[in-house]
Each structure stands twice: as C-alpha cells, then as structure tokens.
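Taken in order, these protein sequences are the chains called A and B.
When the letters of the first sequence are read in order and numbered with this note's numbering, they come out as residues 1 to 385.
When the letters of the second sequence are read in order and numbered with this note's numbering, they come out as residues 1 to 245.
These are computed hints drawn from the structure, not numbers from a lab.
Ideal Cβ placement from N, Cα and C applies to all residues, glycine included.
A couple of the hints might just be wrong.
[As the list claims (entries may be wrong)] One-sided and incomplete, this derived list gives chain A residues near chain B with beta-carbon spacing under 7 angstroms:
id, residue
1, E11
2, M15
3, F16
4, S19
5, D22
6, F23
7, N52
8, G53
9, I57
10, L66
[Said to hold, decoys possible] With a cut-off of at most 27 angstroms between alpha-carbon atoms, the simulated DSS-like pairs for lysine-lysine come out as follows:
id, chain 1, residue 1, chain 2, residue 2
11, A, K376, A, K315
12, B, K182, A, K275
13, B, K182, B, K28
14, A, K275, B, K228
15, B, K104, A, K26
16, A, K385, A, K113
17, B, K16, A, K26
18, B, K167, B, K2
19, A, K113, A, K26
20, A, K185, A, K113
21, A, K297, A, K316
22, A, K21, B, K16
23, B, K220, B, K195
24, B, K195, A, K21
25, A, K185, A, K385
26, A, K275, B, K224
27, A, K48, B, K182
28, A, K47, B, K16
29, A, K279, B, K220
30, A, K279, B, K16
31, A, K382, A, K185
32, A, K26, B, K143
33, A, K21, B, K28
34, A, K21, B, K182
35, B, K224, B, K243
36, A, K279, B, K224
37, B, K195, B, K50
38, B, K50, A, K48
39, B, K16, A, K275
40, B, K195, A, K48
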Amino acid sequence: MYSVIRTIFNEEHEMFRQSIKDFIAKEITPYNAEWEKNKMVSRESWKKLGDNGFLCIQAPEQFGGLNIQDFRYNAILVEELGLSGCSGPAIGYPLHNDIVFPYILHYGTEEAKAKYIPGMISGDLISAVAMTEPGAGSDLQAIRSTAVDMGDHYLINGSKTFITNGYLADVVVVAAKTDPKLGAKGISLFILDKNMEGFSKGVPFEKVGLHAQDTCELFFEDVRVPKENLLGKVGEGFKYLMTELAQERLIVGLAAVALAESAFLSTLEYVQQRKAFGKSISDFQNTRFKLAEMGAKLEQGRMYCDQLVSLHNDKKVDPAMASSAKYLLTELQCWVSDECVQLHGGYGYMWEYPVARAFADARVQRIYAGTNEIMKELIVRKLLK
Amino acid sequence: MKILVCITHVPDTTSKIQFTENNTKFDKSGVQFIIGPYDDYALARAVELKEQLGASLTVLNVGEAETEPTLRKALAIGADDAIRVNAFPSDSHFVATQIAAIAKENNYDLIMMGRESIDFNGGMVHGMVGELLGIPSVSPVMKLEVDGEIVKMAREIEGGKEYLEAKLPLVAGCQEPIAEWKIPNMRGIMSARTKPLQVKEAISEENATEVTAYQLPPAKGAVKLVDKDNVEELVRLLKNEAKVL
Ligand SMILES: Cc1cc2nc3c(=O)[nH]c(=O)nc-3n(C[C@H](O)[C@H](O)[C@H](O)COP(=O)(O)OP(=O)(O)OC[C@H]3O[C@@H](n4cnc5c(N)ncnc54)[C@H](O)[C@@H]3O)c2cc1C
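Same shape as in the complex, but just chain B (with noise of 0.2 angstroms):
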C-alpha cells in the first residue's frame, strides 16, 4: 500500500500577520513556519497506518525551497520520503493539478491532507485531486481505518456524524480527532536528514483566480468590565454597542 500525505507550508497560529505590496502579498519576515494543522493530523494517522499496514509514506509539498525544513519536519515524524514540487502554491487549482500530476506518475492508494490550510482556508484542494484522477474524495474526515481495499471513514456533518465506506484509491481530507498530533522523537529528527527528499519541476498551468487585496480583521477595541450584580447594563450595552442581540 502506498500512501501520499500532502502538507502545505503555513505560519505558526501565533504569528502576526502582516500584508505588504498594497495589502497584496502575504509579509513572511519574521514568520515561524509550520506543518498545516490539519495536514499534521492527517500525516499523524498516515504514520500509524503506515506501520499498521506496513505501507510506504510520501509527503508532498507544492513550494518554493523555503519549505524544505518543513518536509524534513514530515520526514522526522516519520514519514519515508518527500516530494517538493518547485513553484509558488498561488492558488487551489494550481496546487491541485501539481498533486494531481505526481499521483498519476506513482499511483498512490491513499492520498491524505488537512481538510484546508490554515493560511487560505480554500477547502477545495482534496475535491479536485479526487476529481482530476477520477476517484472519490471525502472530507472532513475525522476517523479512517482501512480494512484490505476499503476504507472506513467518519464525517463531520452539522450537529452529528456520517459513518461511510469507499473502496482505496481515495482522497481524505482530515480533521482532529483522526490522530493525535506526533512529536518528532529523536531518533526521527537524527534520520531525518538522511530520508530522500526530491525535488520536481511544476507542469505548467494557468492559475484559475488571481488575489487582488486582503484585508485584516479590524482591530480589537478596549475590554469593557460590566459589574456581575448589573445585568441590564450589559444586557443595554449588547444591544446597544456590540449590537449582537
């Protein structure tokens, strides 16, 4: 069985952000770089299926050389090799016929990712491999195991969860509580350096969206403290001010 676990590149929850270039480009100085949170819970459940199964584990990533500490990071949780792709992930489509195009090239059984990336939030990367290759794609997927050529999985739906069934190859999106998150050990970290790390040229393709602006959230006004006997205050000022009853 080979399994293929796309990771994005992304910064820390923590970070400032910050847009340069007329709030056209995404300020990366001073950043801390992560795995995708949800990628990782992906990756996570990838590696125990891999030593579940004994299957082989690549991680991809769609970017420019800066991610390669990244990948490493990937490599010391533990998967086997990694697959960068040489080009700026700059949109959905783009990234999606990049996988796309590797996945054809190594036909993968199972191909895992976050539900979204935490910097773009599109969502739309899983449902596109799944239909560029012409196999399903289900997302988000908090619970996979696989039983020979099927897969068990379990959705999030609105107020509940869906329990379905499809048969491998597939494409996952994931979410918690699919795995626990893995902390490179070290003996991860001391082999990571010397794991296969390939580096491959894009195919060509047009970006089907182009950014034209972000904006920041507006700044977070003063705290205002309600005494816990006045009720009606704030009651007043929810109504009034914050204008959210």
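The shape of chain A in the complex, shown without the other chains (with noise of 0.2 angstroms):
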C-alpha cells in the first residue's frame, strides 16, 4: 500500500483532514460529473464550504474569520481536494483561498476589507485574479488594460483572458496600468465588483480538462471603480504580484502531488484487477518497475511538499523555492498521469475512467501561475545573482 510517514501534521490537524474528507464524499464527489457538464462547480457548493468555515481562515475576527496562521490547514484542504481527484474544485476553491484572498487582506483598503472580507468567508462572494490578457500573459508587464484616475474614481478599461472562477466570480483583483508609459511600475491592482457598471464576462471556456473550471474572459468597459477599491499603493501592483505568487505556485505544486497520487491510486487498483496473458498486469516487470518509480518518486514529491510547507509557516519560501517546487511537482504530476494512462491501456484514455480525465486536467498546470519555462527563468536568476 503507498502511504508517506508524515511528520508535520498534529492531532488538530488530523481531525481537520478527516472533516474535509468526510465534506469531499458528502458535497463534491457525488456532484463533480454534473458539475464538469455545466462546466462549474455550484455556488450551494461555495456557500456549503463558507458554513462549514472551510474558507479563507485566516481571516481577522473582526470580519467574522478563525484569525488560523498556521498553512498547514490550507495544505490539507489543497492535498484533500487533489486526492478526490476532483479537479475543478481543487482548483477553484483554494484559488480563492489562498491566493486571492491575500491581496485582499495584505494590501485592501479598511472599507474594501470591510466589504469583501465576510462574503468571501461566507461563500457568498466567489473570487478570481486577472492578471493574464489576450495579448499578454507571461509577459505580464506588457498588459493593456488601463485605469485612469478620474479623481474621486478609476475608469477601468480593457479585457483579461483564461480567468479561473471568472465566470461565477462576484470579486476580481485586477491587474491595470496606471501608467501605460511604465512597465512594470506602471502596473496597480484594483478590486472589481461584477455588479459594477461596464463590467462583463464571456462564457466558460471549451478546455481539454478542468472541467468543472469556470476559466473564462472578463472585459472592461468604461467600469468605474472607487478609489477604496485599489490595492496597495498605484504603481506597486508588480510587486505585489511577484510576492504573493509565490504562495500561488506552491499550491499549484501541492496540488499537482495530490492529483498525481488520486491518478496512482486508482492505477494500483487497476493493475491488479486486468488481466493479460493469465496473469494480472502487475505480474510483468514493466508495471512493477512504473509502479516503483511512480511511487518512489510521489514519495519524494509529498516529503518536499511537507518541508515546503513547514518553511511557508515560517515565511521562509522565497519566489524561487515556490518556482521549483511548482515546475518540479508540476512535472511529476504529468509524468505519473501520462505512465498511469499508459499501465491502463485502452481504457486509460475513456473518459469514464478517472486515470483519463487526470490525464487531461495534468497539462495546464505547466501553464498557468507562470509557465515552467517562466519558472525556470525566475530559478536561474537567483542562481546567477
């Protein structure tokens, strides 16, 4: 049986991770297919997360949140979501978490929190980031989407691309040029609010995986947005991106660990059930040797994660650990997905089969939260500082 001996985890977190795996079973795996034809996750599900006081726990009291700091609760709900193999909430609700949710709270105004903050524990308000744009997405300092300063608001106008939760987001931050002049100091992040005037979104997209992702276009039309609404100080949004991105690519990687591992278990399972030439697939050398270095190497990939998660409490994860850790497990997870399709031969490529549909949802994440190639351009620079 593949297990991990873990260490960080203590008895409070245990119980944590059996409440989560007992709401997986209860309100997410039995709704994930439907979920996947509507191409998103319902907001009864969100709002089930918020009453259990599964979102945003760091949040101060004063906004009704636990005030948890201890990262380890987010790690286990990311990794739970990811062994449940269902993609989509794995991928939107921790989003949410985790990685909206910290501008928010680092850089929203008092008014802004005090606006955002109790819905977006209660699950009544949906989040989302847009920073990528159809003609910039690694090459983030070349965004187009502008905000003006009117005086007493920020006209906003533009349009951003790929945006995960985007199509039920009530809240987007948003990436703006105060100073198209500038590059990178020329970037600010504002909150957007849908019910504001002007801003529109498309329809999900058609992806190869994720599902049950409501990834889509959000556009900007004259929006008129308050000046309590930006975060931060104007011209400083680069640099906010850059520190919070961190957080975000560690999470990409714990995921990608706990996706690879739900695509491992269930292949376990299965070569010991098909049979070939009288003997079960796990008989012949090839599976076993899969097998052994699949496991090996999840082994390896869950020991890292927990070390990184232990350096996360004590902020000691700078943006290149979390680069090598999302390009590393990243790659991991599509290597396992791609070997497991493989061990489940025809079968591995029905969508009916979980192995399949891991298969699918793997890819993107070389993709976003900054491509791998990006990662290892972030790596080489600390290398060579």
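Starting from the two chains in their separate frames, assemble the complex, guided by the hints.
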C-alpha cells in the first residue's frame, strides 16, 4: 500500500483532514460529474464550504474569520481536494482562499476589507484574480488594460482572459496600467465587483481538462471603480504580484502531487484487477518497475511538499523556491498521469476512467500560475545573482 | 437539562479486520478509528437538542488513552465537555456499569448512545444502563423530541414504526434517521482542544463474559457471470452451487 510517513501534522490537523474528507465525500464527489457537464461547480457548494468555516480561515476575527495563521490547514484542504480527483474544485476553492484572498487581506483598504471579506468567508462572494490578457501572459508587464485616475474614482478599460473562477466570480482582483508608459512600475491592482457597470464576462471556455472550472474572459468598458478599491499603492501592483505569486505556485505544486497521487492510487487498483496473458497486469516486470518509479517519486514529492509547507509557515519560501516546486511537481504530475494512462491501456483513454481525466487535467498545471519556462527563468535568476 | 452521549471508538467501516494471538485479540495495526456510526447519530441529535433547549452536553467513552482523538472529535462536533473512563471496554456489562456510575454522580436527564457498537455489536449497553439506574431504556430510537418532561420517540419495529412517550430521565439507543451526521466545522475543530476532557478511573467490576475466539467470514469466491438470456443456467447455479433456492 502506498503511504508516506508524515511528521508535520498534529492531532487537530488530522481531525481537520478527516472533516475535509467527509465533506468532500458528501458535498463534492457526488456532484463533480454534473459540475463537469455544467462547466462550473455549484454556487451552493461555495456556501457549504463557507458554512463549515473552510473558506479564508486566516481572516481576522473582526470580519467574522477564525484568524488561523497555520498554512498546514490550507495545505490539507488542497491535498484532500486533489486526492479526491475532483480537479475543478481542487483548483477553484484554493484559488479563492490562498491566492485571491491574500491580496485583499494584505493590501485592501479598511472599507474594501469590511465590504468583501465577510462574504468571501461565508461563500456568498466567489473570487478570481485577473492578470492575463489576450496579448500578455508570461510577459505580464505588457498588459494593456488601463486604469485612469478621474479624481474621485478610477476608470478601467480592457479585457482579461483565461480567468479561473471567472464566470461565477463576484469579486475580481484586476491588474491594470495606471501608467501605460511604464512597464512593471505602471501596474496597479484593483478590486472589481461584478455589479459594477461596464464589467461583463464571456462564457466558460471549452478546455482540454479542468471541466468543472468556469475559466472565462472578462471585459471592462469604462468601469468606474471607487478609490477605496485600489489595492495598496499606485504603481506597486507588480511588486505585490511577485510577492503573492510564491504562495500561488506553492499551492499549484501541492495540488499537483495530490492529483498525481489520486491517479496513481486508482492505477494501483486497476493493474491488480486487469488480466492479460493469464496474469495480472501488475505481475509484469515493466508494470512493477513503473509503479516503483512512480511510488518513489511521489513519496519524494510529498516529503518535499511537507518541507515547503513547514518553511512557508515560517515565511521562508522565497519566489525562486516556489518556482522550483511548481516546476518540479507539475512535471511530476504530468509524467505520473501519462504513465498511469499507459498502464490502463485503452481504458485509460476513456473519459469515464478517472485516470483519463487526471491526464487531461494535469496538462495545464505546467502552463498557468506562470509557465514552467518562466519558473526556470526565476530559478536561474537567483542562481546567477 | 443535562445530556450525556456515550460514544464508542471503533474501526472505520472500510478497515481490513484481522485478529492476533490465536484469533482472540483484534489487530489494531493500521486501523483508522471513528466514532461509532450509531453513536454519531445520537451525538448529532444531541447537538440539535443542545441548541434547541440550551442543554449541556457531555460525551463519555470507556476506553484507554488512544480513544481521546475520538472524544476530541465529539467535542469538535459540539459537545461541551468529555469524560474518559480509563479502562479497556472488555464487555457490555463492564461498560454499562462504568456509564451508570458516572451517570449517578452527575444526574443526566437524557442518556443517548447508538443502538449498538459496530465492532462487537452487542446492542446491550443501553438496556443495562437503564436497568442499573432504574430508568426506562428505549431502542432503536429513530426519532426523538423533548417536550418539557416528556420524550416523544419513534422506534423501528418489524415492518413499521412504533410511537411512544416516556418521562425523563431516560436512556435512548439511537439509529438513523434521528439526525444527520455532523461534520466538525473549522470553529468546532479549533475549540475542541480547549474544552475540558476529564479522565476518571474505572470502578472495579468483573467481566460477565469472556471472548474465547473470533472468526472471520469465509473469503468470497470468484464471481460467475451468467449471460442475461440464460435464466435457466442462473436458476440451476443458484439451486445447485449457491444452494440459496
Ligand atoms: C485553465 C487556465 C486557467 C488560468 N487561470 C488564470 C487566472 O485565474 N488568472 C490569470 O491571470 N491567468 C490565468 N491563466 C493564464 C495563464 O497564467 C497564462 O496562460 C500563462 O501565464 C501563459 O501565458 P500565455 O498563455 O499568454 O502564453 P505566452 O506567454 O504567449 O507563452 C507561450 C509560450 O512561450 C513561452 N515563453 C514566453 N515567454 C518566455 C520566455 N521569456 N522565455 C522562454 N519561454 C517563454 C511560454 O513558456 C509558453 O511556452 C490561466 C490559463 C489557463 C489555461
């Protein structure tokens, strides 16, 4: 049996893990196929997560939060969602908790925090972060959306694409140029509200995988954004992105290992049941070696994740470390899910098999949150410094 | 109003069950433990009653130190405090005696537990506790409302339901659908660690019974598939091989 000895969790974490497992079994797994057809999870599922206190756990008490500053809980949520193999939920809920929410918490004005945080905790407000544009992905400094200071508000124009949670999102952190002449220093971040006039959305994209994820385009046409919705200072958006992207990349890495484990566990079962040449597939030496390779690397990946989670709790994970994790672990996920398909033969290519979905879902992990090529760039910059 | 819920600490229903020492001891290695599923229903209903009536809610387990995470989980679900009677729960009579002793000390109005544990399935403890305390004991209770001093219940009986009332104090052995299982929420988990968990020594009591051996059910044979058009073959197999017709 595949299992890894872990040392970073205490009794409360284990209780939390069990709660999350029970919650997923009751409220997520039974609905995931329907959500994949709908191209989005249900709003109700967000409310249920909120009712159980599983959203934005680090939020201060004054906003109705629990003020839990222990990243191990966040990591467990990602891990258990990943292990369930429900990839849409595994990407969408943590994006809200661990990627968007920190921008509002760390850089939001008091008015904005009071307005948005309670709803983000309860699941009434679903959130997204919008950096990528049709003409600028890796080259973030080249974004063209603009925010013009009109005295008592900002006027935002432009469009964004490939936005996770986009279709359902009520609150979106948007990167726009407050000074189009400048590169990185011209970027500022704003909170946009779906009710603002001039803010519209496309329909969810037809994607290769992550079918329960409502990835879509966003359009801004003369959107009037109140001054209090500026995050931090004008011109510092790029700096904030670089700071917060480390956690985003770490989360992608954690999800990668858990999703890969999910594919691996279903493969372990399959190869023992499936027969060929009068034997189980698991009796062939090739299968045995492949299983051993995957088991060993997943074990290594898991231990690496635990170490990173511990370090991150002590604020010791720098952007280059997070980039290494994102790069290595998403490559691991893609390799594992590909090998798992191979061990399933033709069945591995059939959508009804979890491993087929795992394979399709894995691919994008090397692309978003910064492509793995960009990750290598960030790693080498530190090496050559 | 004071409610006591007695919970068992039992192997997860998906655990692989094995025995050691010549089939006389249950092998705990690698087994994940949970609150007994029937006890979990009792606890869920008790949490609702606590909220509805402003009752206090204590959970009790007769068990060794390893059962404390299970008690903590009950605290996370909503109990106010916990008591662990420090002893191996060797048989139903022993456990009932311990529960009755705690109940005498604390005068609970309502004592709830599962209709049976899912490890040894004795289904006797609630009856014995009622007897030891000289109060009514009802099981299996699938519905329970408290109206002042009166408890209104529904019991499952062969082919139907029985509705009955009794006065507090009372012991109820519970089952679904008395309430829906509750998943500990984040607030509950964070508060569980600071709620009181008291450890009490067991009162001495002889076991009334002794287990001499356990036996696992025979391993399942291979599956035989019969073509859907070949009903006669299916009947023949059910008659001659499975011998169920
Ligand atoms: C399902 C999904 C969800 C997403 N969710 C979000 C979201 O929520 N918010 C958001 O803002 N964005 C999101 N994205 C966008 C994602 O982050 C971008 O697609 C990604 O950053 C790459 O940008 P691009 O698509 O423009 O590709 P490009 O930047 O055009 O890259 C094309 C290729 O060129 C390579 N390349 C580019 N620059 C270099 C370089 N300097 N050196 C070497 N190689 C280079 C890239 O690695 C890539 O292989 C999502 C994307 C997808 C597919």
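Okay, the hints, checked on the actual structure:
With a least beta-carbon distance of about 6 angstroms to chain B, the hint placing A:E11 at the interface is held under the 7 angstroms criterion. Below 7 angstroms, beta-carbon pairs count as interface contacts, and A:M15 has one with chain B at about 5 angstroms; its hint therefore holds. Proximity of A:F16 to chain B holds as hinted, the smallest CB-CB distance being about 5 angstroms (cut-off 7 angstroms). Annotation: A:S19 was flagged as interfacial toward chain B, and the flag holds, the nearest CB pair being 5 angstroms apart, inside 7 angstroms.
The beta carbon of A:D22 comes within 5 angstroms of a beta carbon in chain B, closer than 7 angstroms, and the hint placing it at the interface holds. Interface hint at A:F23: satisfied, since its Cβ lies 5 angstroms from the closest Cβ of chain B, which is below the 7 angstroms cut-off. Hint status for A:N52: holds, given a least beta-carbon distance of 4 angstroms to chain B, under 7 angstroms. The criterion of a C-beta within 7 angstroms of any C-beta in chain B is met by A:G53, whose closest approach is roughly 3 angstroms, and the hint holds.
The criterion of a C-beta within 7 angstroms of any C-beta in chain B is met by A:I57, whose closest approach is roughly 6 angstroms, and the hint holds. Against a cut-off of 7 angstroms between C-beta atoms, the interface hint on A:L66 holds, since the closest Cβ of chain B lies about 6 angstroms away. For the hint linking A:K376 to A:K315, the alpha-carbon distance of about 22 angstroms falls within 27 angstroms, and the restraint holds. For the hint linking B:K182 to A:K275, the alpha-carbon distance of about 42 angstroms lies beyond 27 angstroms, and the restraint is violated.
Of the supplied pair hints, the one linking B:K182 and B:K28 holds, its CA atoms being roughly 26 angstroms apart against a limit of 27 angstroms. A threshold of 27 angstroms between alpha carbons decides the hint, and for A:K275 with B:K228 the separation of about 23 angstroms falls inside it, so the pair holds. Of the pairs offered as hints, the one joining B:K104 and A:K26 is violated, with about 39 angstroms between alpha carbons and a cut-off of 27 angstroms exceeded. Distance restraint check for A:K385 and A:K113: the Cα-Cα separation of roughly 38 angstroms exceeds the 27 angstroms cut-off, and the hinted pair is therefore not satisfied.
Distance restraint check for B:K16 and A:K26: the Cα-Cα separation of roughly 23 angstroms lies within the 27 angstroms cut-off, and the hinted pair is therefore satisfied. The hinted pair formed by B:K167 and B:K2 meets the criterion: a straight-line CA distance of about 14 angstroms does not exceed 27 angstroms. Only pairs whose Cα atoms come within 27 angstroms are accepted, and A:K113 paired with A:K26 is rejected, the gap being roughly 32 angstroms. Restraint check for A:K185 and A:K113: satisfied, since their Cα atoms lie roughly 25 angstroms apart, inside the 27 angstroms limit.
Our distance criterion of 27 angstroms between C-alpha atoms is met by A:K297 and A:K316, whose separation comes to about 24 angstroms. About 19 angstroms separates the Cα atoms of A:K21 and B:K16, which keeps this hinted pair within 27 angstroms; it holds. Of the supplied pair hints, the one linking B:K220 and B:K195 is violated, its CA atoms being roughly 46 angstroms apart against a limit of 27 angstroms. Simply put, B:K195 and A:K21 have alpha-carbon atoms about 24 angstroms apart, close enough for the 27 angstroms limit, and the pair holds.
Straight-line distance between C-alpha atoms of A:K185 and A:K385 comes to about 22 angstroms, which keeps the hinted pair within the 27 angstroms bound. The hinted pair formed by A:K275 and B:K224 meets the criterion: a straight-line CA distance of about 16 angstroms does not exceed 27 angstroms. Our distance criterion of 27 angstroms between C-alpha atoms is met by A:K48 and B:K182, whose separation comes to about 13 angstroms. With a C-alpha separation of about 36 angstroms, the suggested pair A:K47 and B:K16 falls outside the 27 angstroms cut-off, and the hint is violated.
Distance hint between A:K279 and B:K220 is fulfilled; the C-alpha atoms sit about 20 angstroms from each other, no more than 27 angstroms. As the CA atoms of A:K279 and B:K16 are separated by approximately 25 angstroms, the hinted pair is consistent with the 27 angstroms bound. Our distance criterion of 27 angstroms between C-alpha atoms is met by A:K382 and A:K185, whose separation comes to about 21 angstroms. Restraint check: the Cα-Cα separation between A:K26 and B:K143 comes to about 23 angstroms, which is no more than 27 angstroms; the hinted pair holds.
For the suggested pair A:K21 and B:K28, the alpha carbons sit about 22 angstroms apart, so the restraint of at most 27 angstroms is met. The straight-line distance between the Cα atoms of A:K21 and B:K182 is roughly 13 angstroms, inside the 27 angstroms bound, and the hint therefore holds. Distance hint between B:K224 and B:K243 is fulfilled; the C-alpha atoms sit about 15 angstroms from each other, no more than 27 angstroms. The hinted pair formed by A:K279 and B:K224 meets the criterion: a straight-line CA distance of about 18 angstroms does not exceed 27 angstroms.
About 16 angstroms separates the Cα atoms of B:K195 and B:K50, which keeps this hinted pair within 27 angstroms; it holds. In summary, the hint linking B:K50 to A:K48 is supported, as the alpha carbons are separated by about 22 angstroms, within the 27 angstroms threshold. Distance check on the hinted pair: B:K16 and A:K275 sit about 24 angstroms apart at the alpha-carbon level, within 27 angstroms; holds. The suggested pairing of B:K195 with A:K48 holds, with an alpha-carbon distance near 26 angstroms, which does not exceed 27 angstroms.
Hint compliance for this structure: hints 12, 15, 16, 19, 23, 28 are broken, all remaining hints hold.
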